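With the sequences and hints as input, model every part of the structure.
Residue strings, one per chain:
Protein chains: 2
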Amino acid sequence: MLSFNEILQRIEQEVSLLHFNCSPDSLYAPVKYILSLGGKRIRPALTLIACNIYKDTIDDAIAPALSLEVFHNFTLLHDDLMDQADKRRNNPTVHKIWNANTAILSGDAMVIASYKIIAGSKPEFLKELIDLFTATALEICGGQQYDMEFESRPDVSEAEYLEMIRLKTAVLLACGLKMGAITGGAPANDAAHLYQYGLNIGLSFQLKDDLLDVYGDPGTFGKNTGGDIICNKKTFLLINALRKATPGQQKKLRQWFAKKEFDPAEKIEAFRRIYNESGVKEMTEAKIQDYYNKALSHLASLNVPEEKLSVLKEVSHILLHRES
Amino acid sequence: MLSFNEILQRIEQEVSLLHFNCSPDSLYAPVKYILSLGGKRIRPALTLIACNIYKDTIDDAIAPALSLEVFHNFTLLHDDLMDQADKRRNNPTVHKIWNANTAILSGDAMVIASYKIIAGSKPEFLKELIDLFTATALEICGGQQYDMEFESRPDVSEAEYLEMIRLKTAVLLACGLKMGAITGGAPANDAAHLYQYGLNIGLSFQLKDDLLDVYGDPGTFGKNTGGDIICNKKTFLLINALRKATPGQQKKLRQWFAKKEFDPAEKIEAFRRIYNESGVKEMTEAKIQDYYNKALSHLASLNVPEEKLSVLKEVSHILLHRES
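Same order as they appear, the protein sequences are chains S and P.
For the first sequence, our numbering begins at 1 and goes up steadily by one.
For the second sequence, our numbering begins at 325 and goes up steadily by one.
A hint or two may mislead.
Stated by the list, open to error - Label-pair ranges, simulated between beta-carbon atoms:
1. P:329 x S:122: 40 to 46 Å
2. P:477 x S:92: 23 to 29 Å
3. S:22 x P:610: 32 to 38 Å
4. S:263 x P:581: 54 to 60 Å
5. P:362 x S:40: 43 to 49 Å
6. P:585 x S:99: 50 to 56 Å
7. S:323 x P:421: 42 to 48 Å
8. S:266 x P:409: 41 to 47 Å
9. S:32 x P:581: 30 to 36 Å
10. S:100 x P:477: 17 to 23 Å
Treat the hints as calculated values from the structure; they're not laboratory data.
Nothing here was measured: the structure is a model prediction, and the numbers come from that model.
Ideal placement from N, C-alpha and C gives every residue a C-beta, glycine not left out.
So, in structure tokens, the structure goes:
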């Protein structure tokens, strides 16, 4: 069985072997750029780890894993354009270096490239992998649509928010794990549990992201912290603050929403204080732990010897305790 | 064998059966909108016609035909956004009715939906169809990239222009024909000739489009005529006018390029006169005929009884003589 580090090394090696040396160069330069920015590679890692539970060789999982990573980076590229974000992984975003049209078109090419890669899977898995990948990709588009719509809606509920992050983030992790299970030859029941593990770990992953935006160390987080606060993004924390905080705290929040000109540090500090005082920080931490426990319970339902799950448990633990 | 009209009716019926009733509605409303605008449906028609040459039932060709039509409409949606076009088929474009972000995201969903559809093809054809579709889709992105780059380049050659329209337009028609051949069970040699037929008919199709932009009847053309002229687009006509016209005519063209404020009708008339006087109109008509003849020569090389080709010849003739 491969260690987590060996898995990550294999992914970096495989990503570097992806040759986007097609013409025109100008179409593929942004593709190579965004893939070179690294990131945690957690999605393709989950695919390879899931495959490795059932098979010693993970070669059959490489194509779906890479396809997932290319697709994930496509979503970052187009989302950053739609959100007008300046930075991604401490580097300028594609539409900032090039322009909006290049970001649109290179992103389009990445979706197609992700299908090109997954189509290289073993024929016996092809149909099942493509169907799962496609269903997931459409869910992710739906998640992004909800995310954009929530910006202009004052009344987003916790349930709606959780459904949005399920679609936008969690299903891709779940899909990655199931694709690993499929290529590893796992029983259908195990593949379903790994999918559910992925959904729950994905939800805890995104809530942790929300938390890090407020409490993370800007040096290690990779994005500026407080970004969600500055743009009034209705995260799990804010939605619950608007429900649980005192009338006085809620009034303060709404006053901040309306301000067009403000000192960002001051606004972030004000929100952080309300999140602390209203118990929203602890509530978020508890929710993260809750999804984490659910995720682990699905691992416990797998029909494999416990030692086969050591890497997946290690990764779960890293995701829960990460500071970036 | 089905008539051209029966083929078109089948396509309209199948397009109307495509249910994009997934949530959120807001993501799929633009998809339904652009597919409802009609268009010639020439690409899916070519797929069904090619299949019908070899098989009486065209059911196996429906999925690739629809996938092609959805993909084609995706390219229109994103291209219109990139070109900031206001109109498509005499109706407002998606980013005008909704906004840029909706156009980006709904377009993304359409690419994925086109794969969802093609993945419903018979398993025995799946891998070959997806590989061809994917290679074609990447070529089309390359064509669009060249098209955008040519806008800011003063020195685009005829060869570069023809390569651009091959990628942007012709390969999709060729792909459609070959997908029909594959699902019809055509011999590989015939599939290759149908692909070449498609490339050449596609090139003549696009040059005809360039010609109609200058000489078409605005009422029937569906776009405003003269659009290429107004924005100095380096079409086959303009590239050749810049080579073949007299120094005086060339000077006039360059003066028009530089003008920021002008009467569109006056500019269109000036270009039209130069195209007429310099023989560029006839040169373009001859080039269209040339590609048309090459296309027909590939039909003549097919290993099928001539009567099987009547519909394809009818369509070729319609495309050559169309006024819109």
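A quick look at each hint next to the structure:
A beta carbon spacing of about 43 Å between residue 329 of chain P and residue 122 of chain S agrees with the range 40 to 46 Å that was offered as a hint. Here the CB-CB span from residue 477 of chain P to residue 92 of chain S is close to 25 Å, well matched to the stated 23 to 29 Å. Restraint check, residue 22 of chain S to residue 610 of chain P: a C-beta distance of roughly 33 Å satisfies the suggested window 32 to 38 Å. For the hinted restraint 54 to 60 Å between residue 263 of chain S and residue 581 of chain P, the CB-CB distance of approximately 49 Å leaves it violated.
At about 46 Å, the CB distance of residue 362 of chain P to residue 40 of chain S agrees with the hint of 43 to 49 Å. Between residue 585 of chain P and residue 99 of chain S the beta carbon distance is about 25 Å. The supplied range of 50 to 56 Å is therefore violated. At roughly 44 Å, the beta-carbon separation of residue 323 of chain S and residue 421 of chain P lies within the given 42 to 48 Å, and the hint holds. Judged by the Cβ atoms, the range 41 to 47 Å given for residue 266 of chain S and residue 409 of chain P holds: they are separated by roughly 44 Å.
Checked against the given bound of 30 to 36 Å, the beta carbons of residue 32 of chain S and residue 581 of chain P, roughly 35 Å apart, stay inside it. Range check, residue 100 of chain S to residue 477 of chain P: about 20 Å between beta-carbon atoms, so the 17 to 23 Å window is met.
Violated hints, listed in ascending order, are 4, 6; each of the other numbered hints is respected by the structure.
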